[in-house]
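Peer 1: Put together the whole structure using the sequences plus the hints.
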Amino acid sequence: MLTATVFLPLAGALVLYVVPRDAWRWCAWLTGAATLVLAIAAAARGTMEEHARWIPALGASYHLASDGLSSALALLAALLTLLALLYASDENRAPRELFASFLVMETGLLGFFFSADLLLFYVFWEVALVPMYFIIGAWGHERRKEAALKFFLYTRAGSLGLLLSILALYLGTSPRTFDLPSIIAARSYAGHGAGPSLVLLGFFVAFGVKLPVLPLHSWLPDAHTEAPTSGSVLLAGVLLKMGGYGFLRLALPTLPGALADWSAPLAALAVVSAIYGAAVAMGQGDFKRMIAFSSVNHMGYVLLGIACAAAPFASAADRTAAATGAGLQLVAHGLVTGALFFLVGMLAERAGTREIAKLSGTWAALPLYGSLLAFMLFASLGLPALAHFPAELQIVVGALGTYPWAAVGMLTGILITTAMFLWAMQRILFGSARASLAPLSGRELAVLLPLGALVLLLGLRPGGVTSAIETSVRITPSLARGR
Amino acid sequence: MELWAIVPELVLGGAVLVLLPLGSFLPQGHRRLATAVALAGLAAAAAAAARMLGWPARAVFEGTYAVDPFAVYFKLLAIAATALVLLSTVSFFRHTPREGQIPALLVLCCLGMVGLSASQDLALIALFLQLVTVSSYVLVGSLKTSRPAAEGALKLFLFSASAGAIMIYGMALLYGLTGTLAVPELAPSLARAPAAVALIAAALVLAGYGFKITLVPFHGWAPDTYQGAATSIAGYLAVGPKAAALAVLARTLFVASGSRAWQPWIAAIAVLTMTAGNLLALPQTSLKRLLAWSSIAQAGYLVVGIAAASKLGTSGLMLYLAVYLFMNLAAFLAVDGLERRYGTDEMERLHGAGRRAPLTSAALALAILSLAGVPPLGGFVGKTVLLGAALDSGLLWVAVAMAVNFVLSLAYYARVLEALYLRTPQHGPTGTLPHGLLIALTLLVAGTLASGVVPQRLVAFTAKAATLLAGH
Numbered sequence: 001m002l003t004a005t006v007f008l009p010l011a012g013a014l015v016l017y018v019v020p021r022d023a024w025r026w027c028a029w030l031t032g033a034a035t036l037v038l039a040i041a042a043a044a045r046g047t048m049e050e051h052a053r054w055i056p057a058l059g060a061s062y063h064l065a066s067d068g069l070s071s072a073l074a075l076l077a078a079l080l081t082l083l084a085l086l087y088a089s090d091e092n093r094a095p096r097e098l099f100a101s102f103l104v105m106e107t108g109l110l111g112f113f114f115s116a117d118l119l120l121f122y123v124f125w126e127v128a129l130v131p132m133y134f135i136i137g138a139w140g141h142e143r144r145k146e147a148a149l150k151f152f153l154y155t156r157a158g159s160l161g162l163l164l165s166i167l168a169l170y171l172g173t174s175p176r177t178f179d180l181p182s183i184i185a186a187r188s189y190a191g192h193g194a195g196p197s198l199v200l201l202g203f204f205v206a207f208g209v210k211l212p213v214l215p216l217h218s219w220l221p222d223a224h225t226e227a228p229t230s231g232s233v234l235l236a237g238v239l240l241k242m243g244g245y246g247f248l249r250l251a252l253p254t255l256p257g258a259l260a261d262w263s264a265p266l267a268a269l270a271v272v273s274a275i276y277g278a279a280v281a282m283g284q285g286d287f288k289r290m291i292a293f294s295s296v297n298h299m300g301y302v303l304l305g306i307a308c309a310a311a312p313f314a315s316a317a318d319r320t321a322a323a324t325g326a327g328l329q330l331v332a333h334g335l336v337t338g339a340l341f342f343l344v345g346m347l348a349e350r351a352g353t354r355e356i357a358k359l360s361g362t363w364a365a366l367p368l369y370g371s372l373l374a375f376m377l378f379a380s381l382g383l384p385a386l387a388h389f390p391a392e393l394q395i396v397v398g399a400l401g402t403y404p405w406a407a408v409g410m411l412t413g414i415l416i417t418t419a420m421f422l423w424a425m426q427r428i429l430f431g432s433a434r435a436s437l438a439p440l441s442g443r444e445l446a447v448l449l450p451l452g453a454l455v456l457l458l459g460l461r462p463g464g465v466t467s468a469i470e471t472s473v474r475i476t477p478s479l480a481r482g483r
Numbered sequence: 001m002e003l004w005a006i007v008p009e010l011v012l013g014g015a016v017l018v019l020l021p022l023g024s025f026l027p028q029g030h031r032r033l034a035t036a037v038a039l040a041g042l043a044a045a046a047a048a049a050a051r052m053l054g055w056p057a058r059a060v061f062e063g064t065y066a067v068d069p070f071a072v073y074f075k076l077l078a079i080a081a082t083a084l085v086l087l088s089t090v091s092f093f094r095h096t097p098r099e100g101q102i103p104a105l106l107v108l109c110c111l112g113m114v115g116l117s118a119s120q121d122l123a124l125i126a127l128f129l130q131l132v133t134v135s136s137y138v139l140v141g142s143l144k145t146s147r148p149a150a151e152g153a154l155k156l157f158l159f160s161a162s163a164g165a166i167m168i169y170g171m172a173l174l175y176g177l178t179g180t181l182a183v184p185e186l187a188p189s190l191a192r193a194p195a196a197v198a199l200i201a202a203a204l205v206l207a208g209y210g211f212k213i214t215l216v217p218f219h220g221w222a223p224d225t226y227q228g229a230a231t232s233i234a235g236y237l238a239v240g241p242k243a244a245a246l247a248v249l250a251r252t253l254f255v256a257s258g259s260r261a262w263q264p265w266i267a268a269i270a271v272l273t274m275t276a277g278n279l280l281a282l283p284q285t286s287l288k289r290l291l292a293w294s295s296i297a298q299a300g301y302l303v304v305g306i307a308a309a310s311k312l313g314t315s316g317l318m319l320y321l322a323v324y325l326f327m328n329l330a331a332f333l334a335v336d337g338l339e340r341r342y343g344t345d346e347m348e349r350l351h352g353a354g355r356r357a358p359l360t361s362a363a364l365a366l367a368i369l370s371l372a373g374v375p376p377l378g379g380f381v382g383k384t385v386l387l388g389a390a391l392d393s394g395l396l397w398v399a400v401a402m403a404v405n406f407v408l409s410l411a412y413y414a415r416v417l418e419a420l421y422l423r424t425p426q427h428g429p430t431g432t433l434p435h436g437l438l439i440a441l442t443l444l445v446a447g448t449l450a451s452g453v454v455p456q457r458l459v460a461f462t463a464k465a466a467t468l469l470a471g472h
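In the order they appear, the protein sequences are chains A and B.
Letter 446 of the first sequence, counting from 1, is numbered 446 in my numbering, and no numbers are missing.
Letter 326 of the second sequence, counting from 1, is numbered 326 in my numbering, and no numbers are missing.
Bear in mind the hints are in silico, worked out from the structure with no lab data behind them.
Bear in mind that the values here come from a model prediction, so they are computed numbers and not experimental data.
Be a bit skeptical, because a hint or two may be false.
As the list claims (entries may be wrong) - For the chain A half of the interface with chain B, some residues (derived, Cβ under 7 Å), not all of them:
#1 55
#2 57
#3 58
#4 123
#5 138
#6 171
Note that the Cβ used here is the ideal one computed from N, Cα and C, for glycine as well.
Peer 2: Pasting the structure below:
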């Protein structure tokens, strides 16, 4: 079932090349919808495992597994891909290639979230990267080629850190294997010292670029801004999640000792990154760039949660809260920022500009759009009862028990974000009304409303997702002790 | 006589003897017969070699010629490369007298490469290296009327003549030191010889091998020669002779040397070669020159497999060479296809080829992504094993240098993708591709994909063959 979920989008992408032109859209939508249904069914089944021989001579196998965290992120990927396909369906520049790129990327993302073999994990990690290069480079805005190249180089540089670290784990485990559960059980790099720290450095470069965290973030604003709307949605909504997921799934269980050694610097870096992201976002005149930088802020909290979960003296409750908060933050950010990029794209298409200064009076011109934008911006700044609140609350709780100064820093960041978004709302929604804009179409509403409903649901009833994530990130005492 | 051990060589030699007169005297219109005879000879040689894959390792002809899976593997690679290039290149020379002669030259070169794969006697190595050099010199010069081809051939000739002379001088020194030309018997005598002289002799021999592998600093001939030659021939030079010379380098180092004192030197040359290749590929605007420098960089990665001096390293070298044959030859042949339809290999003039010539461009893009090591293509599997081998042998700095180089190489590989897919088309292609080129390209692309997605048999075989190479 996992295999079917992962490879259905790829099959759909191939089918696109045999059906006639009129059917492209439907074929893409159907594939996206069917994949989402499969992902929901897989999530409903709870944990699953699939195993097959792949390269036995290297100790690599085709090993997929799902649990709460991976299912939640796979659902997010499947949902956002479907919505991106819906939104992009009136693209007239090579639409088939665009749909195929989205679907191939979906295969990479789902495979990545379900992999339990490190070589497979790496393969899917890269499969998700290449289509994004083409999406930014071919369908993006004016400076798309530079942005695409920058994205490609940064992420590939990160990838090689990941590859080196994976190889170190492989070579350090006896007998040599890429199987993640076996590597975790072998605990060969679970202790302290230079070796585990070097492996952590490789992971940090890879996942830090993706997340992104200061100072590895400079590809992000260009890539997000130059990508087409649907590309930005997937970039912010799902691709950034790969970094957080990598920390939670790979770094935390395999390198508890090294992460504990470095947890204080990582927490400090996370706070600096979050505050920096918020402050720079505030200074942006371009609405899309503002949202892009706000991702640096939100992802900083994810790293903070991970650092606190690894802190050497943390209590089990604090660890669980911080790691769960980090996982939840990934889901919340995917929904909220995905929706925000859709909203920015819709407004920019109508107004012909993304300059905040020129967008005033939107609420009067587009009441429904204005309400939805306000709703998502409130969600993004962490308003209670909306998606980010339970996530950020748990991270703060975890931080208070481990690095209280980091909790203070995080609250400062939230304060700046609040001020930034309120100020942006004031400038965009209010002010002198402008010429009338076309109201939201049915398809646009179909894209936005599910996200809005999920943001509300995750804020009001976070219990189900929280407990699903909690069971997958729980750190057993023996794992945390290191060696 | 142990003729049973050299059936593939005998078949190839026989084919050359038939082809040399046949190719020159066939009347126009019947010259395709030469290609058919050459392909048949190659197929027969491949079948004979494939039968030897499972044979136990031993040496024949008084220990001068090895029969082991390592040698047979390289023989098969050489034959495959020759057949694929032959398929795609004859149409380039159609209706010229060369059409009849190219098959003979290719098979002759193949014979040299096959011989190199198994030789463990310095005199034999020198002989086969010269055979490869002389035939490739004529192959490069086949475009008689083209000035770049003449320049390329001349450069190749001058470089190879000096490299060959230096190598033979080194071999003479080795003979003087040890009193033998047999590679397996060098080790004990060399241990007693003055270290400085032994080092000089080894370095001189290495120069001869390094010239064929395009190791820095013996790489200078490659870009001009590749650019001047017909593109498929350039691809052949970048794949075939390089593989054979790597086989002989690995065998010489592992078998002749008891110690691993050469390890840091070879590692340094590997890193130097990949870095120089990648740096100089960056500013290239012609696809052929870009691929030439990229092939130099790839040679650097390959040598890491030898520098690792381990079973994992040797299997990585063998594995990556097969993949390299698929992807690098695919890249050269795809460029050949674009060049024939656009009349140029300048990237500027190929803008938007992804839309105008979708299949050839897709093949080139796939080959480029594989060269860059993007999974799930073969290049990724090979690079991963080589990286792992470097780490395993404690060469952390080599592994890091490789990783940095992978990123560096991406900067120019991405430029090719950009030219093909992200630029608006300005020029249109004309004509269609010959069938031979299409068949070869399809096979190579399939190989690039298969070696990445289902590499298990290749991995398992190379791991086994690496164990059997004497010296481990």
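Peer 1: Each hint needs a verdict: does it hold in this structure or not?
Peer 2: Here's how the hints hold up against the structure:
{"no.": "1", "hint": "55", "in the structure": "holds, 5 Å"}
{"no.": "2", "hint": "57", "in the structure": "holds, 4 Å"}
{"no.": "3", "hint": "58", "in the structure": "holds, 6 Å"}
{"no.": "4", "hint": "123", "in the structure": "holds, 4 Å"}
{"no.": "5", "hint": "138", "in the structure": "holds, 5 Å"}
{"no.": "6", "hint": "171", "in the structure": "holds, 5 Å"}
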